[in-house]
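Peer 1: Given the structure of chain W, go ahead and fit chain H onto it with the hints provided.
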Amino acid sequence: MVKNKMINIFFLTLLFWLINSSYALSEMVEHGNNGTMGNHSETIFQYSITPKFQSRCLTSVTSPQDDKYLKARKEMVAEQIKKRGIDHQPTLKALTKVPRHKFVPSDLVNRAYYDRPLPIGYGQTISQPYIVGYMTSIINPEPDDKVLEIGTGSGYQAAVLAEIVDTVYTIEIITELHKSSSKKFKEVGYKNIVSKNADGYFGWEKYAPFDAIVVTAASEYIPPPLIDQLKDGGKMIIPVGTPFMTQMLVLVEKKGEEIFTKIYSLYNLFH
Amino acid sequence: VIHSEIHPLKLSISIALLSVSLIAYQLLLIQILSIVQWYHFAYMIISVALLGFGAAGTFLSLFQKWLLEKLDALLPGLVLIASVIMAVSISLSQTDLFYFDSYRLFNDLKFLWKLFATYLIFLLPFFFGALAIGLTFTKKVEKIGVFYFANMVGSGIGGIAVVVLMWVFFPEKLAVLLSALVFLSGLILIIKKYRTAYTIVITFVIALLTYFYLNPPSLKISEYKGLSKTLDLPGTEIIETESSPYGLIHLVSSSYLRYAPGLSLTYPDQVLVNNAAFNNGEWSGPLLQTAKDSLYYFPFSTEYLPYVIDNRSSALILNSGTGRYVQYAVLEGAESIRAVEPDKTLIQLLIKKYPELIDSVYNSSAVDLKNVYPRTYLLSAELKFDLIQIPIIDAFGGTSGMYALQEQYLLTKESFKDMYSKLKNDGVICISTWIDYPYKNPLKIVATLAEMLDETGIKDLTSHITAIKNWNTLTVLVKKNKLIKAELENISAFCKEMKFDPVIFPGISEERKDFYNKLQDKSFYSYLNLILGSQQEREKLYSEYPFNIRPAADNRPYYSQFLKWESVEQLSESYSSLTLAFFEIGYVLLYLTFFQILLLAFILIILPLLKIRWKGKNKLWILLYFSGIGLGYIFIEIILIQRFTLYFGNIIYSAAAVVSLMLIASGFGSLVSQRLKPESRRIIVIISIIVVSVIIYLLILSLLIKATIVYSLPIKIIFASILIVPPAFFMGMPFPLGLRFLALKNDSSAGNQIPWAWGINGIFSVTGAVSATIVAVEFGFIWVMIFAAGAYLLALLSNLVRN
Numbered sequence: 001m002v003k004n005k006m007i008n009i010f011f012l013t014l015l016f017w018l019i020n021s022s023y024a025l026s027e028m029v030e031h032g033n034n035g036t037m038g039n040h041s042e043t044i045f046q047y048s049i050t051p052k053f054q055s056r057c058l059t060s061v062t063s064p065q066d067d068k069y070l071k072a073r074k075e076m077v078a079e080q081i082k083k084r085g086i087d088h089q090p091t092l093k094a095l096t097k098v099p100r101h102k103f104v105p106s107d108l109v110n111r112a113y114y115d116r117p118l119p120i121g122y123g124q125t126i127s128q129p130y131i132v133g134y135m136t137s138i139i140n141p142e143p144d145d146k147v148l149e150i151g152t153g154s155g156y157q158a159a160v161l162a163e164i165v166d167t168v169y170t171i172e173i174i175t176e177l178h179k180s181s182s183k184k185f186k187e188v189g190y191k192n193i194v195s196k197n198a199d200g201y202f203g204w205e206k207y208a209p210f211d212a213i214v215v216t217a218a219s220e221y222i223p224p225p226l227i228d229q230l231k232d233g234g235k236m237i238i239p240v241g242t243p244f245m246t247q248m249l250v251l252v253e254k255k256g257e258e259i260f261t262k263i264y265s266l267y268n269l270f271h
Numbered sequence: 001v002i003h004s005e006i007h008p009l010k011l012s013i014s015i016a017l018l019s020v021s022l023i024a025y026q027l028l029l030i031q032i033l034s035i036v037q038w039y040h041f042a043y044m045i046i047s048v049a050l051l052g053f054g055a056a057g058t059f060l061s062l063f064q065k066w067l068l069e070k071l072d073a074l075l076p077g078l079v080l081i082a083s084v085i086m087a088v089s090i091s092l093s094q095t096d097l098f099y100f101d102s103y104r105l106f107n108d109l110k111f112l113w114k115l116f117a118t119y120l121i122f123l124l125p126f127f128f129g130a131l132a133i134g135l136t137f138t139k140k141v142e143k144i145g146v147f148y149f150a151n152m153v154g155s156g157i158g159g160i161a162v163v164v165l166m167w168v169f170f171p172e173k174l175a176v177l178l179s180a181l182v183f184l185s186g187l188i189l190i191i192k193k194y195r196t197a198y199t200i201v202i203t204f205v206i207a208l209l210t211y212f213y214l215n216p217p218s219l220k221i222s223e224y225k226g227l228s229k230t231l232d233l234p235g236t237e238i239i240e241t242e243s244s245p246y247g248l249i250h251l252v253s254s255s256y257l258r259y260a261p262g263l264s265l266t267y268p269d270q271v272l273v274n275n276a277a278f279n280n281g282e283w284s285g286p287l288l289q290t291a292k293d294s295l296y297y298f299p300f301s302t303e304y305l306p307y308v309i310d311n312r313s314s315a316l317i318l319n320s321g322t323g324r325y326v327q328y329a330v331l332e333g334a335e336s337i338r339a340v341e342p343d344k345t346l347i348q349l350l351i352k353k354y355p356e357l358i359d360s361v362y363n364s365s366a367v368d369l370k371n372v373y374p375r376t377y378l379l380s381a382e383l384k385f386d387l388i389q390i391p392i393i394d395a396f397g398g399t400s401g402m403y404a405l406q407e408q409y410l411l412t413k414e415s416f417k418d419m420y421s422k423l424k425n426d427g428v429i430c431i432s433t434w435i436d437y438p439y440k441n442p443l444k445i446v447a448t449l450a451e452m453l454d455e456t457g458i459k460d461l462t463s464h465i466t467a468i469k470n471w472n473t474l475t476v477l478v479k480k481n482k483l484i485k486a487e488l489e490n491i492s493a494f495c496k497e498m499k500f501d502p503v504i505f506p507g508i509s510e511e512r513k514d515f516y517n518k519l520q521d522k523s524f525y526s527y528l529n530l531i532l533g534s535q536q537e538r539e540k541l542y543s544e545y546p547f548n549i550r551p552a553a554d555n556r557p558y559y560s561q562f563l564k565w566e567s568v569e570q571l572s573e574s575y576s577s578l579t580l581a582f583f584e585i586g587y588v589l590l591y592l593t594f595f596q597i598l599l600l601a602f603i604l605i606i607l608p609l610l611k612i613r614w615k616g617k618n619k620l621w622i623l624l625y626f627s628g629i630g631l632g633y634i635f636i637e638i639i640l641i642q643r644f645t646l647y648f649g650n651i652i653y654s655a656a657a658v659v660s661l662m663l664i665a666s667g668f669g670s671l672v673s674q675r676l677k678p679e680s681r682r683i684i685v686i687i688s689i690i691v692v693s694v695i696i697y698l699l700i701l702s703l704l705i706k707a708t709i710v711y712s713l714p715i716k717i718i719f720a721s722i723l724i725v726p727p728a729f730f731m732g733m734p735f736p737l738g739l740r741f742l743a744l745k746n747d748s749s750a751g752n753q754i755p756w757a758w759g760i761n762g763i764f765s766v767t768g769a770v771s772a773t774i775v776a777v778e779f780g781f782i783w784v785m786i787f788a789a790g791a792y793l794l795a796l797l798s799n800l801v802r803n
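Same order as they appear, the protein sequences are chains W and H. For the first sequence, my numbering begins at 1 and goes up steadily by one. For the second sequence, my numbering begins at 1 and goes up steadily by one.
In isolation and in its complexed conformation, chain W is listed as follows (with noise of 0.2 angstroms):
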């Protein structure tokens, strides 16, 4: 027993060093083949102002990279979102369009689409896509929705709202954050996005009432502005958990004046 647990010790240990080994050596890989990445993407894209839908919804003009990323994303979907059990049409739709590789730091854009975080500064980071495919999903998010989201962090959870919605309110209290997610969204061509640097505390009360609210930043209490923005038999879904590692999911339902909490865990580990 003692062995068997020497060697799980070691076998782990091990693998922490050649997974991220693996890491490098694409890194460098990919660095040599194309010489520039991230920033310096080609990709022209061509907005339409009606319908409604292609407002946000933008066609593009890919180039050779692209293709690499919408291969890359097309697989994320299917061995990170489907096979993890989420079949929320418009959500697994949006996972595929939106480029996530745009919201990650350039240093980072060839990690964009593996399973796992990403560190984007101020200690905070850009979700897991199952995370984001996990919390979108649940909230069901319809095309007439207004939906708020406290913490744009990276925006790329505002972008995959986006994909879905109406209008998504964003709100973020860090500034750097606050700019480097608002130029992105102009970057991309999000028209549908409105953002703010403000206190995600108050909500957004100009705006409110919102059929769902997705409060990316931790909170360890509700805000009771949250609650009161929330439209009867809305949604707002929080995420908890360490900033590498998503433990759970809390989804807050308002019916009258009932308030109810779900915890979703997220991997249902040992059943």
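What the hints contain is simulated information worked out from the structure, not anything from laboratory work. Built from N, CA and C at the ideal position, the CB exists for glycine as well. You may find that some hints are simply not true.
As the list claims (entries may be wrong) - Beta-carbon label-pair distances, calculated as ranges:
#1 H:K485 <-> W:P209: 40 to 46 angstroms
#2 W:E253 <-> H:E240: 56 to 62 angstroms
#3 W:D87 <-> H:K353: 58 to 64 angstroms
#4 H:K522 <-> W:K186: 41 to 47 angstroms
Peer 2: Showing chain H alone in chain W's frame:
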């Protein structure tokens, strides 16, 4: 042999000063890494220091002739290099080139290399310092006793001096001060002949030290620590920073702080927290003011539970910190409140400098503040209480197991037994924990309380324990007498009003447990039922549950260590293997550090020795003997540091006392061993004494610690000396005796075997620091002692066989 012109007295003073600085620097590094990263690097630093010494030994044996020929010119130079590197090492470690973050280690290969590079810059001062000391020993072998004594006494003083200095200086400045001491020790070694040549070097070093003293590096606290995240919020300001051996305290002011554990969804207003305290960059507690309404939320929290069922006229608040629970007790009309907080710096700030930040609660007439450790207080207290309150466990969302290696003696079964004995008949213990997933903390705390009650002789557990939850917090109450009907009715009404769910409650239906705050994975409730069932059911759950939820005990006080290696495969199926590390970074890092240190030790100590090959007889004896005494010594040192952490309540105090006492005693032992003939018979007797001492430790150490923990610090130091000094005295003998035995052999291979013996001892000491911690976490302290005795027995057997 070329004669050295350096005066022996100067050499002794130099060695003593150098030794003071090296040990102090080692403890300082532990402190700095706890500030910028987390506590789990403490054992890595001990390994790194030993690695520096081991590598110096190998280097010395390879280039001995050349080094000795140039001793007078080289010696001051080596010490000055150590001084310079010591001064710049902290600044260097904070640059992008070297700075690593525990969280990023598992995301990015380059951070692993940065960790590796950090070992190297931290070990260099030890390497050059040890090289200078080793050279002196070799050159002045006829007076080695005096120099060895200077070395050991200096090291002993260093351990104690650094704790005193930590009260006065910030860690980043202290590194420069210590390097100034090293500089002095180098300066006095420069003989007349080389003064001119060294002038430029001295000027350069003085300029450098002055620069770094005036411009100390700002310590980059991990961006994932609470303080860094808070400082990212707009308009956030640091009100005050204070440093002490307890850590680095920051008082912070921000309009965006919010803190209300267990808050009901029915609470309509804001919770305003304008100020908060952080220790070593981690959340220490909010600074609450009634005038700013920051206490109004309390009756809407699960933590209000003890006040729901009765008035609490006397309360004991353990680890009272920023005084949050003390304020609640005052608000609820408690007449006698005993607050126990060991951190003197925090208390001084809140009593004298900023009392208004917490409504001067610690100065209130109802509050009696005790500046001692909670366990110490529990063992000495004569009063009984209506309420014993323990701070909420862990942090919201978890800590990724950053504290997996931190001993938490307040949360052990023995500790809860002590608390229970201090309750009045209607008294309660109240503790809250965040609900995590996979379920760990709530199950472990309920299991600890259940076993405590069981061992106290209470069979009907559910009559004494109750627990309620909101969506993220579980509050548990243990009552000395049975909970009565009226109390249960109050709890039920409170839960209904606040939309909480009672989860441990007599006769409650499964549906009601999961009504307002539902869990998708409902196994939580059945696990709680099992824990509150029989001991057999609990044992079955402990062994089958994929995480370690067995209650922590004084023998294994790692409350936050949950990961079981046998569950890794099962967990990997659900989580990616890299995500796994985030279950328990501290624990995984322990193993990662072990392998990295092992690799470095091999490269720096053994690989160079291959150049001179290993010749001569007695190879097996050398291997067994020197590995045994190396491993045994460090295992005993680590176990004593860990055991005395409970005794002194703080790892820095414990490490300083243990390291100093052991070094001084071993130094004397080594000195005395000079008079002994290096015969097998004597070695066998000495090692037998050590083995017997370890066995005595095994039997009585815990009892002695518990019996004397209540005394004041000076008396405790005397007790610690009585316990540590005698065995450490004998533990200082086997190494020099073994080396002299090799040297005296009429064997031409002696010159080749001594470096190997030194190297083998080095590699086992280096890896021993980390492996002792591994054994403590996996099997408990008792096994570390058994392994230590086993290692010495191996050395003993090797002598018996050779005889």
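Peer 1: Tell me if the beta carbons of W:D87 and H:K353 are separated by a distance inside 58 to 64 angstroms.
Peer 2: 59 angstroms, holds
Peer 1: Should the hint that H:K522 and W:K186 are 41 to 47 angstroms apart at their CB atoms be regarded as holding?
Peer 2: 46 angstroms Cβ-Cβ, so the 41 to 47 angstroms window holds.
Peer 1: Take the C-beta atom of H:K485 and the C-beta atom of W:P209, compute their distance, and say whether it sits inside 40 to 46 angstroms.
Peer 2: Since H:K485 and W:P209 have Cβ atoms about 44 angstroms apart, the given range 40 to 46 angstroms holds.
Peer 1: With respect to the beta-carbon atoms only, verify the hint that W:E253 and H:E240 lie 56 to 62 angstroms apart.
Peer 2: Once the Cβ atoms are compared, 44 angstroms apart, the range 56 to 62 angstroms for H:E240 and W:E253 is violated.
Taken one by one, the earlier hints fail for this structure only at number 2.
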